[in-house]
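S.K.: Take these sequences, add in the hints, and give me the full structure.
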Amino acid sequence: MEGISIRQKLILGCVVPLLTLLLLVIGATQAMSQLMAGMNAMYQGEVVQLKELKQIADLYAVKVIDAANKANVGGFDPAKSRADMSAAQQEINRIWREYRGQEMSQAEQREADKMQALFAAADREIESVMQILASMQGDNQGQLAAHIMPLYRVIDPVSDGVSALVEYQLQEAEKNMAELNELRVQLIRLFILLFVVGGACILFFGVWAGRSVSQPLAAMGGILRGMQTDLDLSKLAPVLRKDEMGGLAHSLNEVICHFRDLITQINGMAEQLAKESAHLAHIGTQSRGRFAQQQAETDQTATAMNQMSATVAEVANSSNAAADAAHHADESARHGHHIVEDAILRMSGLSAQIQNTAAMITQLADDSRNISSVMDAIRGIAEQTNLLALNAAIEAARAGDQGRGFAVVADEVRTLAQRTQRSTEEIGKTIVKLQQGATQAASSMELGLSQVEESNRTVLACGQALGEIVSSVNVINEMNTQIATAAEEQSKVAEDISRNVVNIAHIATESTAAASELNQSCHELEQLSSDLKVKVGQFRC
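Counting from 1, one number per residue, gives the positions in the sequence shown under UniProt numbering.
Accuracy of the hints is not assured; some may be wrong.
[Said to hold, decoys possible] With a Cα cut of at most 25 angstroms, we get these calculated DSS-like pairs of lysine-lysine:
#1 K114 to K51
#2 K51 to K242
#3 K70 to K114
#4 K80 to K70
#5 K54 to K242
#6 K70 to K54
#7 K51 to K63
#8 K80 to K54
#9 K63 to K80
#10 K114 to K54
#11 K63 to K114
The set of hints was computed from the structure by calculation and includes no laboratory data.
M.R.: Below is the structure:
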């Protein structure tokens, strides 16, 4: 049985329970058929016969005896009673024929023969009663009294016989029930036997199929646990069978052998990787030192270039500033020269104007002196007018009422003369001040004229000096422009060089960082190689 596959074993494990279940179903069907047949036979043989016997007893008791009693007491019409008794007799004969037509045992046959004789006696008595009922007319009450008791005497034995047959049928039914119970017990025993046999077969096939799977799995499980816990690849799984489990064990052995080869190759590669990692780490250390030295030198160069670039930029800025200052100085000098020229012109005009003004002030002083003589004449006139007004007032006072108007006019004239005198005095004072101011202005104008002439000479000298400054500033401006142009070009070149040096320094920094990372990676790779070698060394091949 070792050549049977797991699939076939599983099929057997399903087929055997199905066959057992099929046998149980067939047995149960047959048992149920037998039980139904027994119950049907009991029903047809005993229950139906009991029903028929009961119908016969009821017909005799209800249809015959009851109809005779009711006809005797006048409760029924004789014809109806005779019809009921005839119908009951016919029904009893029919039922009895059906009963006699069934299969009977000898004892039941003997009881039926006895009942046949009793039926004949009862039929004769019933025929007698029916003849009497046919002849009855008018008042019928009491005419059957003599026949009631004889009728009871022939029908009671029939009822007793029916009871005997019922008792016999009950006994037969009890026997049939005992047989059915025995059949039930036998069927239960048969089902138990089939269950035990089927369960044993199922258990056998289950254990057999389970062992055929569990044993190889246990062996392979032990191999796999050894691989998991002890990293043991030296053991192979035993091939116990030629089924799927045997194929699985064979495949597992091939995987183990393949793992052995892989572990051997990985071990060799780990050793070679460790060597190469150490060599690469040494090269990385050297490269990192060189990159660090290159970075330091590049940093120094970049610093120097930055300083030089800053210096060139300052020179360019200073040159530009000097050029701008020279340009502004040139413009200022030119503007100053124009201003000086304009000042010279204006000073010449101012000198002429001052001379004219001095002449006008001198004329004003002469005119103010002439005004003084006029003011003296006006003052004399005002005094004379005042005296005349005073005389007129005196004369008006002398004249009385006739001279009152003239007195008023004289008073007004005197007031006007006084006002004129005061105004003349004020004008005199003003003229005196004007004469004094004119004298002072004439003196100042003479002094200003001499200063204007001196300033005019000074401005002429300044104009000449500014002309020389403009020429010098033009030369300086041209030189500053050339210096600024050269400084800007040098600054651009220095900036380009500084930018390139900075880029080189940045590249050197990145190279140093990359060399450090490479060195670190080499050390990590070397450590991983060592760890891998340790891990691989744990496998036992």
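S.K.: Against the structure shown, which of the earlier numbered hints fail to hold, in ascending order?
M.R.: Hints 2, 3 and 5 are the ones this structure does not satisfy, whereas the remaining hints hold.
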